[in-house]
Every structure is written in C-alpha cells, then in structure tokens.
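Trainee: Heads up: the sequence lines are chains X and P, in that order.
The first sequence lines up with residues 1 to 388 when you count with this note's numbering.
The second sequence lines up with residues 1 to 135 when you count with this note's numbering.
Hints were generated in silico from the structure; no laboratory data involved.
Ideal Cβ placement from N, Cα and C applies to all residues, glycine included.
Warning: the hint list may mix true and false statements.
Residues of chain X clear of chain P, computed beta-carbon distances all greater than 10 angstroms [claimed, not checked]:
{"id": "1", "residue": "P19"}
{"id": "2", "residue": "L73"}
{"id": "3", "residue": "T159"}
{"id": "4", "residue": "P311"}
Only pairs whose alpha carbons sit at most 20 angstroms apart, straight line, appear in this in silico SDA-like list of lysine to any residue [stated by the list, open to error]:
{"id": "5", "chain 1": "X", "residue 1": "K160", "chain 2": "X", "residue 2": "E257"}
{"id": "6", "chain 1": "X", "residue 1": "K160", "chain 2": "P", "residue 2": "G105"}
{"id": "7", "chain 1": "X", "residue 1": "K306", "chain 2": "X", "residue 2": "L258"}
{"id": "8", "chain 1": "X", "residue 1": "K306", "chain 2": "X", "residue 2": "S279"}
{"id": "9", "chain 1": "X", "residue 1": "K160", "chain 2": "P", "residue 2": "L111"}
{"id": "10", "chain 1": "X", "residue 1": "K160", "chain 2": "P", "residue 2": "E91"}
{"id": "11", "chain 1": "X", "residue 1": "K160", "chain 2": "P", "residue 2": "V126"}
{"id": "12", "chain 1": "X", "residue 1": "K306", "chain 2": "X", "residue 2": "A101"}
{"id": "13", "chain 1": "X", "residue 1": "K160", "chain 2": "P", "residue 2": "A15"}
Restraint-style ranges between C-beta atoms, simulated for each label pair [what the hints assert, rightly or not]:
{"id": "14", "chain 1": "P", "residue 1": "R47", "chain 2": "X", "residue 2": "S130", "range": "21 to 29 angstroms"}
{"id": "15", "chain 1": "X", "residue 1": "G128", "chain 2": "P", "residue 2": "D7", "range": "12 to 20 angstroms"}
{"id": "16", "chain 1": "X", "residue 1": "S130", "chain 2": "P", "residue 2": "A103", "range": "49 to 57 angstroms"}
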Amino acid sequence: MAADAFRDRTAIAGVGYAPFSRDSGVSTLTLAVDAITAALDDAGLTVDDVDGLATHRVGDSTPPWVVAPALGLDDLRWYLDQFGGGSVSHAIVGQAAAACALGFADVVVCYRAINARSEFRMGATGRGPSPTHDAQYQAPYGYFAPPQQFAMMARAHMTKYGTTTGHFGQVAVQQRANAALNPRAMRRDPITAEDHAASRWVVEPFRLLDCCLETDAACAVVVTTAEHARDLRRPPVDIAAAAWGGGHTFLNEGRRELTVTGAAALAPRLYAQAALGPSDIDVAELYDCFTYSVIVQLEDYGFCAKGEGGPFVASGATTLGGALPVNTHGGFLSEGYVHGLNHLAEAVQQLRGQAGARQVPGAEVALSTSQPGYVMGSTSALILRGAR
Amino acid sequence: MTAPVEDRDSAPWWAAVRAHRLTVQRCDGCATLRFPPRSVCARCRSRASAWVEVCGRGTVASWVVVHHAFLPVYAGAVPFAIALVRLAEQEDLVMYGDLPGTAPGELAPGLAVRAVFEDVEPGLTVVRWRPERSA
C-alpha cells in the first residue's frame, strides 16, 4: 500500500487503563478486561461494538482467544496474538490499523496486561535465563537480564561518544518532574541529579534510577477508521504513520556497531509515511526501559546528531518547557511499565489536549515508540496527529 | 552455573569447547567466519562450511559490572564483570563471557583478552576470558 493510502485513514478513538500497582491481586485476564472496558467507555463504545482484538506477550499474559469469550465476543472478525515484548508494542497497533483500513475489522481494541512485578518480574529477578538459541552462549555467565543487555550497549555509547552517567541521570530527573504532574504515576516525588548518583548500582553503568519500574497494570487503545472516529465521544487522533520491523538484536552475530538501534532504519520509513520529519514532532513518548534507551532514540529518530543524545537531554530540550518534550507522563521510569502502550495512550491524551498540568501547549503531532530494536531484532513506532 | 541447552547447530561447537578448542565456522562459499553456529552463511547463503580453530585472542568491545543478584546463586559472586569480546580474526565475531579473577576496575575499551577454558562439571566446559598481561 502506498504511504498516502494509509496515512490518516485510521485513528485512536479511546484509551484506558487498569490501575498501576506493585501487586494487582488479580489475574492478567481481569486487568485486560478492566483496561479494555475503560478504553471503550472513553471512546463512547461498548464491548458489542468490538470486532477485533490484538495483544502482545511473552507467555506472561492472557491471549485474545481467552479475553474474547470472557467478554462474550463470540465471533471476532480479526485478532492478533503477537509474540514479543516491548519491541512489538506499537506493531500490534499498526497492524490493527491496517486491518481497519482494509476493512477486516472496524473496532479493534489493542491491549497489554501484565503482572510485571507480582508474577512475572520483567527485569528478570528470580526468573532465570532460558538458555536456548543464541542465549545458550550467554546464560552460563549469568548474562540474561534486560538491564545487563542495555547496560552493555550504554557502555559502548559512553566509550564512543563520551556520554556520561550524568546524562542518564538527567533523563531520570526530567521524567520524574513530569510524573509529578501525572496523577496516574507511581513515582511522583521529585528527584535530583544527586539522588540519581546516590542510587545503588544495578548493573554498571546503570543505577537503580536508570531502570524502569516493574508494574502490575494494563493499558488498552481503541483503533478504528478515521471516519468512524469522528462520530465518537473524543476528539479523534489520527494515525499518520505506523511502521515496524527492522532492527537487530544483541543476541545475533555481526554487530560491528553497538550504538545504533533498529530505530535508525525504521525512522526514515515512518517519517516518509507521515510526510513529516523530526522537526514536526511536538511531543515524543520514547520507550524508556532504561534511561539510555531515550538517549539513543533521540539520535536514531533524528532529533539530534549521532552521539549527541546526552548533551541534547542535558540542554533541557526534552523537558516539558523544551523544544521536544519527552515522556510527558514520566515514562516507564516513573509512571509505570505497561510495555509500550502507556506511551501511546499518553500521546493520545496530549493530542486531545487532555493531559492536565503536563499538557504540551498546542501539541498537534506526536511520536510514540517501542523498544528500539536491541532485543528480538524488531522495533515499531507510530506518528499520531491530533484532529481537534 | 546455568548449563546451556545445546541444539543441532551448536553441538559441534560445544564439543570443541569440551576439548578446549575455540572454533567458529568458515563458509566454504565465501570464507566468511561466523559465530554463533548456523547452517547457512548470512553473506552468500552457502550451506557448506567447516569448523576452524581461532587463536583465542580478542579485545573488549564493551562490558558491564553486575551488582544486583538476579538469582540467589549470584548473591555471593557480585560484583562481577561480563564482557563482549571481539575476536581477533574478524570484527563481527563476538562472544560474551566473564573474567574470573579480574577486578571490574581493570576493564577498559579495547582491553586485550585471551580465552581460557574451565571444566565446570562433567560434560560442561565454558570459555572464559583473561586479560593479556604485557611483560
């Protein structure tokens, strides 16, 4: 399909959450149902309007073929049960939009439900490795946890470009300041660069405050056609572009360059589809499993020169009052970790003008991204356009 | 130590490690070296290859120092370093490994290291790394 045949054909009509906590006390099915119901209510729709469901998971959630009958949806026209973690969080939404654009479905709810603290610790503490495939060459050394994998790349960036742990700290400090304005955020007490520097090492060069939260939560977004969205409750937010694929993994061979993510390959396709460039983005919600992930994506999505991500953050450009506010909700570092969809939900609220005290004035175009392609060889992202 | 799950591609590599030989595959079609083991060359797609021994020397491309014990078994081992090593023979040949006996503070970009073999238990031998000492 030509880029302009997809651009702005579909929209996000609703967003919803299940509460963020360290122990939900309920199943991921219950979390999914709560978030789906909330997103449909936000859109002014009901379960009876749904004809598609999509999720992604790594064996840690409840699939569409359980959620659908639990909600009494006996005959879905389209569904997607995507294997994968944060790198595919936006791919499921892009694929749902493609399904709507082509008429396979009209109302698709995309959800992610996880007990990432109380049941399946996303940081891998207590879970141990799965020493198969390429991980068989790493697991014997105790190398299997996401903080280790991203720290390895962060160190390479420090070596090559002079990026510092102080730059990482600025990401954490800025996002916490945003979270202080977000009633949904789990961590709302402001922190300083000194607090960051005093937090314990997890995996050098990452300290505790470089690592995202592990959260029990769910998030859902309602995807439909742009035309249908205009008849619904909220100001429509159109999907200007959706791209996925690309990327490379740090499990693979042939990594000559450690400091470039799959986002560098994906970004040109994404911008071309939207007929927009980095300077058109008013607000960016960038996958922040770790502070470094934000820095490398600022470079790979073209907001600053390669290697300049640390100084770009330190300049204040990424704060709420800066040229490119980033992770206005506080991100995974401070709002909570829903593996990607909570970034998209925040972008939608910014473009509706409903982000309260953290609203970016006049925000019309937003970038929302998934894990940038270091893990599992894939990445995905969306550009959204407010139509209010 | 977590034992690896060998598969039909990797079994010859692990067998060589048990014999204290560090090997990679060399493509019969284009002579490109490759690791991890695969049945196909990513460059020329040839299915034919041979196992060749490498010199066991490399340089540290990056490293981490693990402080958090992700499993109870590591509680007594932290802090310890894990390195990403580029083999001397070809830039895109990379292997992970730890460096027992090496203080994390000794690690630096480009540090020259050499593979050493450790027989952990019957049937399990692993490759570890040790800094090359000048003089």
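Trainee: Confirm or reject each hint.
Mentor: Evaluated hints:
1. P19: Check passes; 27 angstroms lies beyond 10 angstroms.
2. L73: Holds: least Cβ distance 39 angstroms, greater than 10 angstroms.
3. T159: The claim breaks: T159(X) does not keep its Cβ more than 10 angstroms from every Cβ of chain P (closest is about 4 angstroms).
4. P311: For P311(X), whose nearest Cβ neighbour in chain P is about 20 angstroms away, the distance exceeds 10 angstroms, so it holds.
5. K160(X) / E257(X): holds (10 angstroms)
6. K160(X) / G105(P): holds (19 angstroms)
7. K306(X) / L258(X): holds (13 angstroms)
8. K306(X) / S279(X): Holds: K306(X) and S279(X) sit about 16 angstroms apart, inside 20 angstroms.
9. K160(X) / L111(P): Distance of about 15 angstroms is within 20 angstroms: holds.
10. K160(X) / E91(P): Given pair K160(X), E91(P) holds - Cα atoms ~16 angstroms apart, limit 20 angstroms.
11. K160(X) / V126(P): Not OK: K160(X) and V126(P) at ~30 angstroms, beyond 20 angstroms, violated.
12. K306(X) / A101(X): With a Cα-Cα distance of about 35 angstroms, the restraint between K306(X) and A101(X) is violated, given a limit of 20 angstroms.
13. K160(X) / A15(P): Status violated; Cα separation ~36 angstroms.
14. R47(P) / S130(X): 21 to 29 angstroms: holds (28 angstroms)
15. G128(X) / D7(P): 12 to 20 angstroms: holds (19 angstroms)
16. S130(X) / A103(P): 49 to 57 angstroms: This hint is violated: roughly 30 angstroms between Cβ atoms.
Violated hints, listed in ascending order, are 3, 11, 12, 13 and 16; each of the other numbered hints is respected by the structure.
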